[in-house]
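As a plain string of letters, each chain reads:
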Amino acid sequence: MAEHHVHCVVNGAKQRGIVESRTTLADFLREGLGLTGTHLACEHGVCGACTVLVDGKAVRACLMLAVQADGHEVTTVEGIASPDGTLSPVQQAFVDCHGLQCGFCTPGFVVSVTSFLEANPDPTEAEIREGISGNLCRCTGYQGIVEAVKLAAARMRDGAGVGQ
Amino acid sequence: MSAPAAGRYVGQSVHRKEDPRLLTGHGRYIDDVVLPRLLHAAFVRSDLPSAVIRSIDTRAALELEGVVAVLTGADLNPGAGTLQPSMMAENPDAIVPPLKPLADGDVRFVGDPVAVVIAESRAIAEDAVELVDVDYEPREAVASMEAAIADGAPVVHPELGSNVAMDIALPENPELEAAFASAAHVVTERLVQHRHTPVPMETRGIVASYDRVTDQLEVWLSTQGPHEARRAFSRVAGIPERHVHVRMGDVGGGFGQKFFTPREEQTIVCVAKHLGASVKWIEDRRENLLASNHARSDIATVSVALDAEGHILGMKFDHLEEAGAWPVGGTGGTGPFAAMLLPGPYKVPKVWWRSRVVWTNTCGRGAYRGPWMFESVAREEIMDFAARASGIDPLELRRRNVVADDAQPFTTATGMTFDRVTPATTLEQAARVLGYDDFRAQQASARAEGRLLGLGIGLYIEPTSTPAATLGVEAATVRVESGGGVTVFLGTAAHGQSIETTMAQVVAEHLGVDYDDVKVVQGDTDRTPFGGGTGGSRTAVIAGNATREAALKVRDMVVEVAAHMLEAAPEDLEVAEGRIAVRGTPVRNVSLADVAAAVHNAGTGLPSDTPRLLEATGRYETPSPTWSNACHICTVEVHPVTGQVEILRYVVSEDCGRMLNPMVVEGQVHGGVVQGIGGVLYEHFVYDESGNPLTTTFLDYLLPTAAESPRIEIDHVVTDGPNPSGVKGMGEGGAIGSVPAVFNAVADALAQVGATVTEQPLTPVRLVEALEAVGA
Ligand code: FES
Ligand code: FES
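Chains as they are written, first to last, in this note's numbering: chain R, 1 to 164; chain G, 1 to 776.
Quick caveat, the hints were computed from the structure, so don't treat them as lab data. Please note that a few of the clues may not be correct.
Partial pick of chain R residues on the chain G-facing surface, computed with a CB cut under 7 angstroms [as the list claims (entries may be wrong)]: (1) 77; (2) 140; (3) 143.
Cβ coordinates follow ideal geometry from the N, Cα and C atoms, glycine included.
One chain only, chain G, in its complex shape:
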């Protein structure tokens, strides 16, 4: 498939507008915000996984010089509104535990905020935290899903009566059972993805300032969604939405953790209102690892049935998803959505699934880059088990089952309709770039020398820009300023995605101005249109098409005014690089600055029916998910004695439609892939059996460094997305395909000696044990 021609700006790897300030220390992140008479907050957190609070003694803390207040649930909880995000708060059927700003008589995980100290400095606040004496009566806790669903298990949320938050299943399907009964091969495995956590390099943080006279709340926030945050703060503190102003500056990553508005931020807003003061809270790393929403933690029994030629006859998926105690965003998981995406890029005639969500006395689950991605883990891993069981090569097995590019639209057995996706093409492209057959030969000769090489494939179709409530729509306002410069106002919330760059490219392209003359404003609820936030791979598609529409509208206005000035027909004019000229007579032209001057000054002779302002708003609503797809192939060497995994090659073939900026697209893939690698090989948030966390520093919670990260080779397939710009979302995909690719590569290496792994993370210890179990 040939790439469509790039535009003058759209499709070019232009330099980022964000870079100069960030490279010189001139960015402004949340901890850089300082206000007069600013107070500092630190939380007293539970060190028990489950306990009743008998009493809280704050006297010693209050006596410390510089301490202003020590607040508990008794101070902040009465009168506080719901802490759930809008999509849960507005849904009467939502399953939500009784979350309050601070612990309400008991604690339900280690890290649960019990009290908050407000002091003149963070150091004093932390000193005072040590002086708050909480008397607990410990209760038995459940620290894993299996413990939580066992008979007689202690209940995490007594109000809800059960540790199963949700249990949905399709009815048994006799046709599927018959297919399994007649299958040549049936493979069933219990597959586990362990708990890890997003770990943005900038932790969470907020500065909240409340004025009692005006009932005005000013907030600076490290967030992925300032407009949703405004709604949340309005609800929790009972302040009208129009009196809540949320701003964000530069944000040091989020990956889903800052998408909704977490509990501590809402609590700090309640504190600011309670005290009528300005309060800052900056999460420290221990708090971030301990108590900021965790991710993953899924177990599924997955079955696939194949006929003798390797065609899939059906799949079964019995899925347990861990919600923790206080998930962010409902149950924090995706449940049935993961099940419905399970067939992915393959023709799977029949599917059965059951989806259960389980409460435990652990940190709550929340979004992390591809929150539903366990479907890809389960499917791609079971495909490789099926390949081994049937003796069909894993690439060949995928070829026999993949949905062809020209067989679309294609509706899965779970009711998802895919169109304009290219899983078959990306599968072949990735295999070609890697040199699939050569690697298999190399693997065999390495084996003869006693070495263990392996190859893994991760093939997936990803829903981007999903039409869910406020997430399905964006508006953008483009304005030509009085001097001819251009500003675009967006409801987006960039935290690394280069939105200032890519949306300026879109405006420059469609309005016909220089990229350097465009400024992007976002992250300010008083200045920008409402937006659902940056996440869910939605900005390029939804905000991008809204921006394009706004730019085209303003271009029409500019042409209309210029037509009067040039005494020409509008259709005879062309706009490029900020000049409007008569086509074929380029000497007859005006600049955008001339047009702006004509509009903004009196006495310029414009008729009354010309535009009064050079400003327009575009809106884009996505009618359905925009499907992206990719194939990841990874090769590894597993050291048979140490269990160490070295990644040899890493190849990605992806189709995200037309790219606004290929450099930015590839950067997103690189980052996502390394997060996935970290998740499979290194990152593990561990609780002991009683619910005590063991990995609350970077010495225990291991992130990949440059030394462990591979060079990633990326190739593109470009199929226009189903929208005017032809784009598809892509921010999450890197973190989806990489997980099964890396897992399958290690499993493939081990399978040569008969060793098996089914659980992540693939630590050296686990691999050595797997090898020892087969005497290898």
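Bound conformation, chain R alone:
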């Protein structure tokens, strides 16, 4: 099995590793770097649990190979809160609106919503529901999540900024 060196910046820190060609970005983050916040719930690109930001854009880490991340910047859920642990406006809104129960889908939602609100800071409810429809949650019925996105959007428009 061919092996490759990967150099990338993850959550602001330089990282390197040796991976097989077939190693996904998700497996590299979880097993190579120990960043287990990125979850795998389908490994076939449907559920969104594995969503991370690559150069600021939301991607499914189960569908991207680790070698493709060489030379790029990756942000995982571990990189969303402030270094002192203060939750980002999106994360805080999930607390306030009961946007999570078991928490397994949550990292994917936090990352997706962070990216969604950057592109659309003042979404309608229909836009929110459409915007998060690439992420599956089996616990919340999405109601708390939709409320959280609304609250985060309102707070960020009031000047808090997306915490990253």
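Go by the hints and put chain G with the ligands onto chain R.
Using the frame of chain R, we list chain G with the ligands on its own:
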């Protein structure tokens, strides 16, 4: 009914203790557990629904670099104990098929584990799975209940001799027959609920580590019941219970699928023992859809007889329940329990039922949020058929038959005694919140424009915290630590239910400390009291009352010590927010930390009869099921050309007694409702006629997303539950009431043009066909 005043913590929507770690990627789920020299497992599974295994050639797999072992039934089955859960293992009359860790000479469904590969990485293990060569001699399979009970059908389990696992019926009732004969209206329908599956977002998984020298088994597990798992592992591997330590971290949902201890987890424990090694198995999504216990799959012929005024005279219920090949937890179904709950919230003077459970060559059945809930599907659907047949509005028909709040205790014709339930009140509240009459007017005017709107009601009474063996009791230990912090140890197993939050609220309330000073420990068989697991809507009632009792006991101990320190009588002291003060003289006080220091240090002058430790255990045993109830009303628009269903409004009125945390209660309802909607409209696990599964990815097995899910409006009726906390269970209810509500709404829309549906799922194709059948 007015809500009782909330406490300082109990009854408040406090923020969850679980959230910060889960939101920042710091949770610890099963796949996050790593041990030194950890090996990885992957299963070789049958791709035939029924076949004899002629041979298994593992040589090529064993030659692959990084493969440690390839084990088959010949390696693991001899000497393995029963794989059945305790309630079946300890019941000599239980109906159980001959389940072994791995296939024992033949396979009985697509997905049956035939061999297990152990390798240095999961990727290598999966590569090696492809190299294991199994030679099968195919047999004819039965892939549906009707095929299985047909004359001459191939038998799924030759050892059992028949595809009917159970057949129980009440004797014919001449009075009921007479009532049917004299009825103004008799309605009979064959109602079908299709197969779907729980689909927790985190699949199943286990890490098992066995040490041959100490005979010690350490297990990390994604589970709803670590204590039951410990008993199961002890039985299957023949290791004394005290040498088995089961832990769980965060668990990404279960919905019943992780309640008992499934076969693969037990097999991995056998592997760890066989190899004397540490082994990890993480189920992938295909395996989860293919081979983790499925749910539902029921067919019933249901009849109801009404008098001319619409009063129910009797019901009949002939029920077929599909067990699959290897159900989890006995037959995996509920059989007679569903029949006994059939009358639900209505006065039904006479009931006849027959309950059959059928083996098929499909994935086994298991628990899923409200395992017995087909009774609500059958009853609420037939009520709407009866409403249409009699010309009585469905809300009005329910009003005429519902058990009044003040007519309780009420015993049904099937022997269930309900008390403190409010089906009539929730029915009216939901109808009021929805604006029932306005909707009917809107429906009529939409019809005039050629549009199809519909309304459906789901009214039910739900047994929660049922007193069955280990499920009827819990213990909780509350301890004040040496520095004054408080820890509560529980046998519960949260996987999304916010138990760390709600049980901390209970302790803070009754011990008199700050919520932030309470920590909840659960999911560790070496540290916590035994518990039956989290499921069956049992935690708030049973663990909650045990926790309350423990907190009150510790409060008494704290007061006793503080009384010595303050030279006051215990009855003159009050405890609040971690301070113990003399009532009326608040300057005379000590903190809980002071009391803890006095107990934990020498030379503090405490008399020998004061408590030696600030620790106590409470226990609560539920004497009967705690009945909860709710009414769901859903309105929909069915697109007449595409068959697409849009949910317009969704209203829930529910009574789960006093709420520990209303935010958590509503979150449970939201999640349950959307699971029910998914079940009726989208989710369908499909087998073809020969037993081949067709829906083993999320591209074929469709889950509802935010775009299809409605906003859910919830109102509460609060009637104290029959226990010291006044709570009732509620975790499953959302997934019960939603199914008939959504089904009835679509059926109501179709009925306006004479179209009929009796089978779920209500896919666009089925609806278009129903409309075309009447030329609409
Ligand atoms: S795990 Fe990547 S989309 Fe599901
Ligand atoms: S919170 Fe459990 S899957 Fe979303």
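* Is the interface hint for residue 143(R) satisfied, with its Cβ closer than 7 angstroms to some Cβ of chain G? -> holds, 4 angstroms
* Could you check if residue 140(R) really has its C-beta closer than 7 angstroms to a C-beta on chain G? => holds, 5 angstroms
* Verify the interface restraint on residue 77(R): the C-beta must sit less than 7 angstroms from at least one C-beta of chain G. => Holds: closest Cβ of chain G sits about 4 angstroms from residue 77(R), inside 7 angstroms.
In summary, this structure violates none of the numbered hints.
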